[in-house]
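Using the sequences and the hints, build the whole thing.
First to last, the protein sequences are chains F, Z and V.
Count the first sequence with my numbering and you get residues 1 to 117, in order.
Count the second sequence with my numbering and you get residues 1 to 477, in order.
Count the third sequence with my numbering and you get residues 1 to 105, in order.
Some hints could be false.
[To be verified] Example chain F residues on the side facing chain Z (calculated, C-beta under 8 Å, incomplete):
1) I103
2) Y107
3) K110
Simulated from the structure, these hints should not be mistaken for lab results.
Note that the Cβ used here is the ideal one computed from N, Cα and C, for glycine as well.
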Amino acid sequence: MNPYGPVAIYLGVAMAAALLFSLVPGLLARSKPNPEKAEAYECGVEPTSSVSGRFPVRFYLIAMLFVIFDVEAASFYPWAVQMHALRVFGLVEMVVFVIVLAIGYAYVWKKGGFAWK
Amino acid sequence: MIANPYNSLDWNAVIPLLVVSVTALAVLFADLVARGGVKRVVCIAIGLAGLAVAAVLCAKSYGQSYSSFGGGFIMGGFTVVFEELIVLSAIFSVALYSAVGEARHLAGSIALLLWSAAGAMLMAGAGNLMTIFLGLELLSLALYCLCGMSRRTTARESALKYLILSSTASGFMLYGMALFFGATGSVSLAALANPATAASPLFLVGTALFFIGIAFKLSLVPFHVWTPDVYEGAPLPVTAFMSVATKAGALAVLVRFAYATLPSIHVREILLPLYVVAAISMLVGNLAALAQTDMKRLLAYSGIAQIGYILVALAGTTALGLRYAVFYLAAYLFMNLGAFAVVALMSTENEEGSRIAAFHGLGWRRPWLAAAMAFFLLGLAGFPPTAGFIGKVLILASAVGAGYAWLAGFLILGTAISLYVYFKILRLMYERDQQRAAPVVENSSALAWVSVGVCAIVTVALTFYPLVPSNIIPLVK
Amino acid sequence: MPGTLPVAIENYIALSAVIFFVGVAGVMLRRNPLIMLMSIELMWNAANLLFLAFSKMWLNNAGHVFAFLVITVAAAEAAIGLAIVVTVFRSAKHVDVDEVNLLKG
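Dropping the structure here:
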């Protein structure tokens, strides 16, 4: 059998099922249109609203700080994998890296970067 | 393969770089600790002290050659001179913060300026593609923030513009680097020097993309549109720093690429587009400078032309040409930063004194300041008592000697146009017209005056450069 | 060619070239700075893809290291980019670079 045979069968079955499910209700169900029914289902929340609503800049600030410290933390992985090969030099290098990060952290903290209000 | 980094860490090579970066941390720390009015003084003092130490360390490695990170960072030959120039431009820019600027973000600004200088220094000594990229981005990322550090709306807009255009240029350059890596299988610049790679299409496309990135950073003409806007919008000390340091960093990368990397048989063909662009820059830069009403924009356009002159010196990639290019860059640094220091002394609490109208009748109100400005403008135009004159003569000689007489012709044409630009300002400063005269600004920051003095003295002193023995700048490789 | 790749290297080059030009087109054509920043990320990541493919082809880990470096720098760049976009448009109603017109080249 052609290796793509199962894929073709799967595709056919999926299409047939989709057609069935979308045609059969139209034939069987009674139709009572209603504007509420035409809305996209969003757990009762208005799906769209004005974009110009107020959005605290703090969210951006937290997101930016997260991105930076997150990626800096990712720099630990290559070192962790090669820790034994890199020996003391790698450890010292990483400590220096952490100190630099810590000074940045202290600066942001002292300047109120983490305060919510 | 990359050599083990810890086998090839040479402290001699990286120490000036480390001093500059650690000084930036110290400035931030001082900002957290210091209280009240001394904060400003302490931050500027720490910044200047750290930079002075770095300058001395740089000067001490003059004539030596160190290599670190498996050839990724080379401190030797022309690198030392470029690093010294970058550190000097950072010193002058930090000094300008005493005359201009909003105190609110002073410590952050100085720290970012130092990191930016560290990035440029990294570029100056970059021996492989990774160090070039890292240096470039360190330089640029810090500059994006610095451009936006002002209450003025124009500053923020200039930061956005610079961010988007510069990151795009970095993208081009990075893609070029990826193609280089594909052509040779190594990130080292030395591996590219193999003549066999010159035939590879990956290498040729990579070179084109790489040059786009370089041309953007040097603000050569088709890629120059950002320069006047960003220079105008950015705070004055940042503009002063950018006008020299970014160019020095990018020029160092270009020099190492042209002299040590490109296979020597093809170097003329490969670099030809760059020379054409330089010729256009000399004309367009000077022509556009004619129409400006803001001193920072005028200096931006003048800088576009000046970098064209420097590229003329590199034409033919001769050793002599490199010496003259570095010499002209040094002369440009002092003349240009001197002019910026004068603009800083024209500034008030709320406004930078960069409107050209503010220079009206300056010669009768503040004669010393006007004399200094006149001197620096004459230097930029290339008049005799200054290093600008001797620099241009040397560049002409080297270009003609290397067989690029047409480029020399463009240089003369560009200079002729620039005379008109600078004389317009001179006439304005010495016009006796009481009605149109701008009000007197009393700004007498001592550090800015010292900068003006030092720049003026060095601009004259550099005139004696041709008397210095000729092996003063040891070469590449 | 020293290394072995699951598919020929030309495919990687073609894919990354397509991604790169989508990025370039995005920067040139779109007027929303956030989308422009995303397009720039696309350009950088096209280069990353090339680095990784060539790294496998040449059996040289330097490409991996370079890609990692690019990711780190791109994160810093995105953070700074967002910060600048926020400061510029905090007072404005819409996010559109055509409204950034105080400075004209």
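To test your reading of the hints: which numbers does this structure violate?
No numbers; nothing is violated.
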